[in-house]
Amino acid sequence: MRGAKSAKWVAIAAVVALGATACGGGGDSGSGDDASRAVNANGVFSYQSNEPQHPIQPANVMETGGGRITDALFSGLVDYNPKTGKLENLVAESIKQDDASHYTIKVKQGWTFHNGEKVTAHSFVDAWNWAADSKNAQQNASWFADIKGYTDVHPEKGDAKTDKMSGLTTPDDYTIKVELASPVPYWTYKLGYSAFYPLPKVFYTNPKKYGQEPIGNGAYKFAKWNHNQDFLVKTYAKYAGPKPKNGGIDFKFYTSAEAAYQDAVSDNLDVLDQVAPTDMAKYHQDLGKRAVDAPQNAIQTVAVAEYAPTIKNLKDHAKFVQGLSMAIDRNTITKTVLAGSREPATGFVPPAVEGYKANACGEACTYNPKKAKQLIQEAGGANASISILYNADGGHKEWVTAVCANITQNTGVKCEGDSKADFKTALDVRTKKKVQSLYRSGWVQDYPLNANFLKDLYGSKAAGNEGGYANKEFDRLSAKADGASSLEESVKLYQDAEAALFKDMPAIPLWYYKTNAGYSKNVKNVTYDTFGKPVFGDVEVFKK
Amino acid sequence: MGRYVARRLLQMIPVFLGTTLLIFLMVYSLPGDPVRALWGDRPADPQAMARLKHEYWLDRPVLEQYWHYVSNVVKGDFGTSFVTGRRVVDVMSEVFPVTIRLALVAFTIEIVVGLTLGLVSGLNRGKIADKFVLLVTLLLVSIPIFVLGFIAQTVFGNQLGWVTPTVQDSNDITQLILPGIVLGSLSFAYVARLSRTSIAENLRADYVRTAVAKGLPRRRVIGVHLMRNSLIPVVTFLGTDLGALMAGAIVTEGIFNVHGIGNTLYRSINQSDNTTVVGIVTVLVLVYLVSSLLVDLLYAVLDPRIRYV
Numbered sequence: 169m170r171g172a173k174s175a176k177w178v179a180i181a182a183v184v185a186l187g188a189t190a191c192g193g194g195g196d197s198g199s200g201d202d203a204s205r206a207v208n209a210n211g212v213f214s215y216q217s218n219e220p221q222h223p224i225q226p227a228n229v230m231e232t233g234g235g236r237i238t239d240a241l242f243s244g245l246v247d248y249n250p251k252t253g254k255l256e257n258l259v260a261e262s263i264k265q266d267d268a269s270h271y272t273i274k275v276k277q278g279w280t281f282h283n284g285e286k287v288t289a290h291s292f293v294d295a296w297n298w299a300a301d302s303k304n305a306q307q308n309a310s311w312f313a314d315i316k317g318y319t320d321v322h323p324e325k326g327d328a329k330t331d332k333m334s335g336l337t338t339p340d341d342y343t344i345k346v347e348l349a350s351p352v353p354y355w356t357y358k359l360g361y362s363a364f365y366p367l368p369k370v371f372y373t374n375p376k377k378y379g380q381e382p383i384g385n386g387a388y389k390f391a392k393w394n395h396n397q398d399f400l401v402k403t404y405a406k407y408a409g410p411k412p413k414n415g416g417i418d419f420k421f422y423t424s425a426e427a428a429y430q431d432a433v434s435d436n437l438d439v440l441d442q443v444a445p446t447d448m449a450k451y452h453q454d455l456g457k458r459a460v461d462a463p464q465n466a467i468q469t470v471a472v473a474e475y476a477p478t479i480k481n482l483k484d485h486a487k488f489v490q491g492l493s494m495a496i497d498r499n500t501i502t503k504t505v506l507a508g509s510r511e512p513a514t515g516f517v518p519p520a521v522e523g524y525k526a527n528a529c530g531e532a533c534t535y536n537p538k539k540a541k542q543l544i545q546e547a548g549g550a551n552a553s554i555s556i557l558y559n560a561d562g563g564h565k566e567w568v569t570a571v572c573a574n575i576t577q578n579t580g581v582k583c584e585g586d587s588k589a590d591f592k593t594a595l596d597v598r599t600k601k602k603v604q605s606l607y608r609s610g611w612v613q614d615y616p617l618n619a620n621f622l623k624d625l626y627g628s629k630a631a632g633n634e635g636g637y638a639n640k641e642f643d644r645l646s647a648k649a650d651g652a653s654s655l656e657e658s659v660k661l662y663q664d665a666e667a668a669l670f671k672d673m674p675a676i677p678l679w680y681y682k683t684n685a686g687y688s689k690n691v692k693n694v695t696y697d698t699f700g701k702p703v704f705g706d707v708e709v710f711k712k
Numbered sequence: 028m029g030r031y032v033a034r035r036l037l038q039m040i041p042v043f044l045g046t047t048l049l050i051f052l053m054v055y056s057l058p059g060d061p062v063r064a065l066w067g068d069r070p071a072d073p074q075a076m077a078r079l080k081h082e083y084w085l086d087r088p089v090l091e092q093y094w095h096y097v098s099n100v101v102k103g104d105f106g107t108s109f110v111t112g113r114r115v116v117d118v119m120s121e122v123f124p125v126t127i128r129l130a131l132v133a134f135t136i137e138i139v140v141g142l143t144l145g146l147v148s149g150l151n152r153g154k155i156a157d158k159f160v161l162l163v164t165l166l167l168v169s170i171p172i173f174v175l176g177f178i179a180q181t182v183f184g185n186q187l188g189w190v191t192p193t194v195q196d197s198n199d200i201t202q203l204i205l206p207g208i209v210l211g212s213l214s215f216a217y218v219a220r221l222s223r224t225s226i227a228e229n230l231r232a233d234y235v236r237t238a239v240a241k242g243l244p245r246r247r248v249i250g251v252h253l254m255r256n257s258l259i260p261v262v263t264f265l266g267t268d269l270g271a272l273m274a275g276a277i278v279t280e281g282i283f284n285v286h287g288i289g290n291t292l293y294r295s296i297n298q299s300d301n302t303t304v305v306g307i308v309t310v311l312v313l314v315y316l317v318s319s320l321l322v323d324l325l326y327a328v329l330d331p332r333i334r335y336v
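As they're listed, the protein sequences go chains A and B.
Heads up: the first sequence is residues 169 to 712, going by the numbering used here.
Heads up: the second sequence is residues 28 to 336, going by the numbering used here.
No lab work stands behind these hints, which were simulated from the structure alone.
All of these numbers come straight from a predicted model, not from anything done at the bench.
Ideal Cβ placement from N, Cα and C applies to all residues, glycine included.
Where chain B lies over chain A, by a calculated footprint (3+ residues, C-beta under 8 Å): (1) 298 to 308; (2) 391 to 398; (3) 413 to 425; (4) 431 to 440.
Take the sequences, apply the hints, and build the full model.
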């Protein structure tokens, strides 16, 4: 039995070894001697990213991977203040609103592309015309739909009649005159979006080649793109805007957020984009003062499929949805299930958005199980059974289960998650209008203005309105807001439109997103804007 | 022999056609519209969608798409991905070398460590060394690879700091050693067990007894007579395993952020990037076919009695 005995010892040793590795860990929290460390103005920091889906050309970039890189390489006419989200001029000297459909934009002189070409009014207008042209099949083409003549270059069917929008003219090299097809008092807010970035002449000669080695007009210029590895940009010495405090950014591609987190904790990656759900509970502990927890302008909702029989056949469907909404304990779910990574929603517009109205949803978004049950009964839905459609690849399962548990427990309505394997499958069900009753929906701002969270999602003719919601009052109020003569007035009128939504609730607002991120010991001064993007230019790199 | 090789090579053609067609049909029948998914939550532009679909043949019937694809592959053109706009050949030439290196590291460890352990425990059947090897291999076989990966990452990367938790440069082979060990650990456990059994069995065979009786030195008995005969099942396993290592790198590459085929395949499947998926899998099928052919040819080297007809 000698062998058996020693085998036992080996087994014990192995178990101990495994246990030790599993329970170990813990790290230091934040270093206190930041002030005494010298900063290297030419230091390059690495940043968590992923391989861009498309070649880099502004009008075709929609996802985060390419979007962040595009934002580093280009500067638009305007930019949003990273803290307040307010609009600020960047390449624009001034933007004059003659009325809600006529704008005069003066472009600053002295700006150049990275190849030395001057940035003029034409750099913008030509880029916009090219992007809107249907034959170029740009994903962001619809951003130019406000401009007069868009339907000529991008008709619904058939080929474009011309390749220039009649609403865009350039009286001189540094002036752009814009005429919109119909009044949009907040049009300037859209100008900060990446689709409106300018392009140099060299782009048009070979867009394919350009997409691999982009030339922008931003604070950083293209250095190297190692596909599947990283994308390196260096500070552009002749940049006419505020100069970055670092020497460049190395966008390192990670296929999993967990791997990026591991690297950040061990100082092999400098700036995180977003902490993975699995690491959410411990990132404050691991990173200490270097953990970031900032508001982000994005919202998670559960939208109602108005066409679904379960919803359509109810006696009072508004009361039913309000009842469901009141049955959800947002505070507890965001704290426990979501580990504090979200903020309970009190309306359809997140707080850092221009036009945010505190507690817009009021009673309907406040946890009240008693009233919830009463409303459901009044609505004739006590025996209803509903489901929430979601995609299993996005980390939604846990909260959908929790929300459903709340609903069933508090109102007696049967509720279960309707899981689809991935986002595109769930999307397919949505676009084909085959949702059983409710579906998970989310919205990240295109620009920090309340109209973006309202009109594009709940207007009865809005393309983003997949639930088939129609509310005449909302349509009337948003039309009125679009007809307003000034931005401020429009923002106010959109607040009224938002209020109209809560009467019958096209969706249940759940929570606002947060940027949960952090940075390594090699950098300081890392802050995030309302898009969840680090303010690249502010990051300072310590001397090694 | 020559005829055998020729016949085997010819057999590859229907296998190649069959697998690519199957993959094509499977990817095609996945629910959801990959082109629509490019827009995410935002409304899609029907015009741009139609143009993309037409440009990349996605609006044709699946068999037509397949024929178009295969006839191009024969010419060496694996097509262009509608998601990334990049030629699949370019993508593959970036990611295959990385995974081949990773697989080779794993493969080397598998052969060296696996065979050594198998030999040690087979020769000492029932003794401590044998029990120890059995226990270690049992442990390795029963731990899922992702658990092993995370343990290795935490211990060697975060706690001991011997390596960076993830691979910083996928083209640097020295950084691939740890992921290679993790990737190869399951297989070397199998190799150890396989070779242990066949060595222990052959140890009692007549020819070994004869060799010993002839008074041959122990090294020659083990090295030439015993090992050579015991290697046949092991070589079979190793041959098929080379392909499995490359395909099975998905988990390991994910944990250590190695930018090889595993990662690319995973991302491409997620994005319904059909051209990239089919391209990579096609090459993987070829790797399997070639390595199993090599295995069959190796048999004759190991055991001259085996003939090819």
